[in-house]
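**Student:** Chains A and B are the protein sequences, given in the same order. Under the working numbering, read the first sequence as residues 3 to 500, first letter to last. Under the working numbering, read the second sequence as residues 3 to 500, first letter to last.
Identical copies carry no separate label here, and so any pair may be met within one copy or between two of them.
The calculated lysine to aspartate or glutamate pairs, modelled on DMTMM-like cross-linking and capped at a C-alpha distance of 25 Å, are:
{"id": "1", "residue 1": "K165", "residue 2": "D177"}
{"id": "2", "residue 1": "K158", "residue 2": "E283"}
{"id": "3", "residue 1": "K94", "residue 2": "E82"}
{"id": "4", "residue 1": "K469", "residue 2": "E275"}
Everything labelled a hint here was simulated from the structure, so no lab data went into it. Computed from a prediction, not measured in an experiment: that's the story for all the values here.
Here is what each chain is made of, one letter per residue.
There are 2 protein chains.
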Amino acid sequence: MLESFDFKQEAGNYDSFKRSELGEKLDRLQRIVSNLDIPVLILVDGWESSGKGFVINDLTRELDPRFVRVEVFEEATDVEKKHPSVWRFWQKIPSHNEIAIYDRSFYYQVFNKDKRTNKMLKQRTQELLNLEKMLLDDDTIVIKFFLNISEATQEKRIKKLEKSENRSYLLSDEDYEQNKHYEEHQMWFDKVLKATDLQESPWHIINAEDRKVASKEVLAITLDKINAGIERITRERKETQAVKRDFSLEKDQLSLVNLSQSISDKDYDKQLENLQQEAAELVYKCYLNNTAIILAFEGMDAAGKGGAIKRLTRYIDPRSYKIHGIKAPNTIEKDHHYLWRFEQNFPKDGDMVIFDRSWYGRVLVERVENFATQKEWERAYDEINQMEKVQTDHGSIVMKFFLVIDKNEQKERFEDRENEIDKNYKITDEDWRNRGKWDAYYDAFNEMLQRTNTENAPWFVIAANDKKFARIQVLKHFIEHIKAHISKEDKKGARVNV
Amino acid sequence: MLESFDFKQEAGNYDSFKRSELGEKLDRLQRIVSNLDIPVLILVDGWESSGKGFVINDLTRELDPRFVRVEVFEEATDVEKKHPSVWRFWQKIPSHNEIAIYDRSFYYQVFNKDKRTNKMLKQRTQELLNLEKMLLDDDTIVIKFFLNISEATQEKRIKKLEKSENRSYLLSDEDYEQNKHYEEHQMWFDKVLKATDLQESPWHIINAEDRKVASKEVLAITLDKINAGIERITRERKETQAVKRDFSLEKDQLSLVNLSQSISDKDYDKQLENLQQEAAELVYKCYLNNTAIILAFEGMDAAGKGGAIKRLTRYIDPRSYKIHGIKAPNTIEKDHHYLWRFEQNFPKDGDMVIFDRSWYGRVLVERVENFATQKEWERAYDEINQMEKVQTDHGSIVMKFFLVIDKNEQKERFEDRENEIDKNYKITDEDWRNRGKWDAYYDAFNEMLQRTNTENAPWFVIAANDKKFARIQVLKHFIEHIKAHISKEDKKGARVNV
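Model the full assembly from the supplied sequences, consistent with the hints where possible.
**Tutor:** Spelled out as structure tokens, the structure:
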């Protein structure tokens, strides 16, 4: 039961301070974490009427408001409902100079059992835990509070609110429901709290019978936990030793690709338009089915990604998809978790988004050019798999295309681009520099293909020495995969969105 | 009638080209406008079933998809409905390297008469025209198409769509309604087209009886209009001569402020908390009324804006407001119209947003430091007034506070900050540099106060040599203004949102 979580009074040191003084200390700490590029995420959850607003008010009171952000998660908006449920929490994560306070933790989704099945709740919990772990790994300080009040106190507070002229806003069915079935909820909360209690970010159960006492305790714990976080993160940043790797390549997938495959112009012309029409129809079907489609294109420089995308989308209604060309992150993107900018652009149900280069940059260019530490890109394989699984579990389609050309073909295309005035803009010194690292990229490609080729979000490796052959292959794989998905969905019957 | 708008066949030059060739020409033009930082906005409107999708497909087909964005404006989302209706178009304006294509122009809102009154339609039209003019002034190329089909053609197309298995998606009540009252709609369209036909961006009425012919015409016009736009904008950029000014200061408002006003510590302590409580209650009332509150704080450096904001918000539920500290725009913000980043952060109905420095930067720091040309800041006064009026016409409250200190007081505060270790971070070399331009800022302040002090969005000029006096004044003005607004609303009765 909840008692088992009783907070060990680490905060004793602050007994002699006033709440406002603790707030001032927090203000200085905020400047320190901001200087150190450490994001802070504070989750405030608890019973209905347990005083979350009061506590959050005290937390923010002395902070420089430009660096603190309170996010309220009420009923999802209609746009949010068209994404995986964890998506809206991703959108609001703190940047590297922010403290974000979530009114209700994201675990609220599982605290509130609703009508969902156990399997669904388990999946949700895992998704949320994965999010929290990714943030922790990204040097975020996460502090979690659960405000605990007794059945009697809750009842008393509800009675008091009933007398307010704003009772219709202040009280919801949920307040009554919780109070009526207090013990049942208590058992469930206890279960969720245990399941989501992480070593680096344990739950702090706050006795909230007296709001002022509770608030002071929250402030004191926040101070301690931020200090502890600063210590941990600065230490870890200093320990830059390489991570031991236990990866071994099972097969050199790239060498297995038969690059001599080609198609005649005649066959190409004969097949192309029909395939394009079919692709467009399938996208329209997905739109009708409310199924989102996410495509990622990777490959060697000049492998023909842009051309393949153009052929694929030829007959697709341009109002139903967006293409994102991925370049180096801008300053705001750099100030967030590396996956944040992709989450921002994931399609809502029924839409399609094509990424020309993608989140795989983390294990490709960022790995090869040392923009990410070994530790960072090493864990990225799992993070990426998890992120894609959230999408496919939600019912979205995720397909990844890898276009392969050989070193000679690349050279010819580079020279071609340099010589043709209209393609000139496509080739830069950087392309030639990258080419100098062909082998390092080659290894990174192979490892990526092996470690992120999942059943739910497969890689399609395409021989692209012959551009036209590659375009046809992309279309064929696209059609086949979407068709298979649709027929599987048809068998399952209508998807239920909860 | 619509005929009066018949497009003069400028596009004759392109008769011998194929649609795909025109698309390729557009592709190159896209790179030119992108290199020149010229945003392009293409609005495609017209009758139901007139083939907008087909035309947009042709427009985008050959373009580099990373620089083109198609935006569909269907029914507003629930978040969009909680903002002025022009807000969602602001969110999606093209950045300086983009072509944005709006499926339905923003004038769709007035094309579709709905149940709105003439007064409302007039106001909407004006708001949309103002948006378009602001974009044009910001060197955007705007091209507007209206696809015209006859009553008979529309009927034929509807009949054909009825046979499709996806008819429920492809046909709406509106198709039938338009066709049934074709002439009535035609007259209304004609009226709106005339009212929104600008010299720099006239409507192009396209005969869309044959979709392929229409599409080619749209492509040809787009090519011509982009070229014409490039010519106009590059010429205007070269003509950097100063704009003739006809401003004269009516009164030196700043000199009229009695800076010796002060409050005793005793009185301050006695009044402060009550005023803070009252402010919090009023904000809550606005939340209940679905009224948004927008506050802007400006003033000399070290005038005490931050402190005043902190005192004002002391008892306000931190979940109901956000504070934005405005710094120099980041790269993405720089790539958009200067008002875009503020529009992005305007509150939805019932919320409050406080800007610590604001859009007035355009006529203050950007003017004094020459970050904006004279022409740009000169027209900004009107643009800002218009932007604020959109908000207040929507029912939001806009208040602007200007905190005044004198030169000596500023010097003392700067030195104070330098000497106190905890305030050290608040003072930089830039502050001292700005101080060197005291007179230039003084003039800019005065002009701003005179030209943007509107009845709907007034300035409150606060004597701030005594910090505590200033905080109390801000609270008092805030309370008085909000109270007046609420009592006026109460008299009017419930606001109708359309």
